[in-house]
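Line by line, the protein sequences give chains A and B. Using my numbering, the letters of the first sequence correspond one by one to residues 6 to 118. Using my numbering, the letters of the second sequence correspond one by one to residues 2 to 118.
Simulated from the structure, these hints should not be mistaken for laboratory data. Incorrect hints may appear among the rest.
Reference listing, derived: stretches of chain A covered by chain B, where coverage requires no fewer than 3 residues with Cβ under 8 Å from a Cβ of chain B [said to hold, decoys possible]: (1) 72 to 81; (2) 108 to 118.
Derived DSSO-like pairs (lysine-lysine); straight-line CA-CA distance at most 30 Å [claimed, not checked]: (3) A:Lys23 with B:Lys70; (4) B:Lys43 with A:Lys74; (5) A:Lys23 with B:Lys43; (6) A:Lys70 with B:Lys69; (7) B:Lys69 with A:Lys22; (8) B:Lys69 with A:Lys76; (9) A:Lys76 with B:Lys105.
If you want the ones that stay clear, here's a sample from chain A, every Cβ over 12 Å from chain B, calculated [stated by the list, open to error]: (10) Glu6; (11) Gln42; (12) Glu84; (13) Gln90.
Just so it is clear, CB atoms sit at the ideal spot from N, CA and C, and this is done for glycine as well.
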Amino acid sequence: EAQVTQNPRYLITVTGKKLTVTCSQNMNHEYMSWYRQDPGLGLRQIYYSMNVEVTDKGDVPEGYKVSRKEKRNFPLILESPSPNQTSLYFCASSLSLSPYEQYFGPGTRLTVT
Amino acid sequence: AQSVTQLDSHVSVSEGTPVLLRCNYSSSYSPSLFWYVQHPNKGLQLLLKYTSAATLVKGINGFEAEFKKSETSFHLTKPSAHMSDAAEYFCVVSEWAGGTSYGKLTFGQGTILTVHP
């Protein structure tokens, strides 16, 4: 089944403790992206990757890191999480960027205390 | 620079009546525009997309949207609402210049659609 998977789905952590949220797609998609969703703000793009070893900042990259060493994986790293990073995170992929459909993962709900 | 404004944060309709969700965009180049739907506790699903072909775009579940360049709008409509349409809807813009996308997608703030029996 074609899908985007994210792990973990739920995470509660403390300020400053490094964490990684994994994202994997099995569709051989070139483009992958991370978003955070906050009430009233819609989804905001954190980072995106046009292909392996090619990443770029979205609208809200501060406090996040990404890497794209393999085509299928695009992990999101929070080196020192803070409470303002409490959010719902989505990973997405598409064959390329516009005009192709983006396929979204199920989301990761992160709480930083 | 690109931006999207969804003009209503909440829309409430009765089952069987028309739906109109409004979206205005701003883009320095030729935009691609999308509507996505998010049902409660679910991921996002593409409803429809505009990519410089026909200005009236038909999507899934009876939804359609019309690209109006002069008004910089991309409103989403459906002739008759169904209870299952209750969800949050996002308008999305991606800039597209010279056959190469810039890679950034910008989402609107979302419109929550409530459908009453």
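Checked hints:
1. 72 to 81: violated (count 0)
2. 108 to 118: Check passed, 4 qualifying residues.
3. A:Lys23 with B:Lys70: Roughly 46 Å separates the two Cα atoms, so the pair is violated.
4. B:Lys43 with A:Lys74: With Cα atoms ~28 Å apart, Lys43 (chain B) and Lys74 (chain A) stay inside 30 Å; holds.
5. A:Lys23 with B:Lys43: Judged against 30 Å, a Cα distance of about 27 Å means the pair holds.
6. A:Lys70 with B:Lys69: violated (38 Å)
7. B:Lys69 with A:Lys22: Roughly 48 Å separates the two Cα atoms, so the pair is violated.
8. B:Lys69 with A:Lys76: violated (37 Å)
9. A:Lys76 with B:Lys105: Holds - the C-alpha atoms of Lys105 (chain B) and Lys76 (chain A) are around 19 Å apart, at most 30 Å.
10. Glu6: holds (14 Å)
11. Gln42: violated (9 Å)
12. Glu84: holds (23 Å)
13. Gln90: holds (18 Å)
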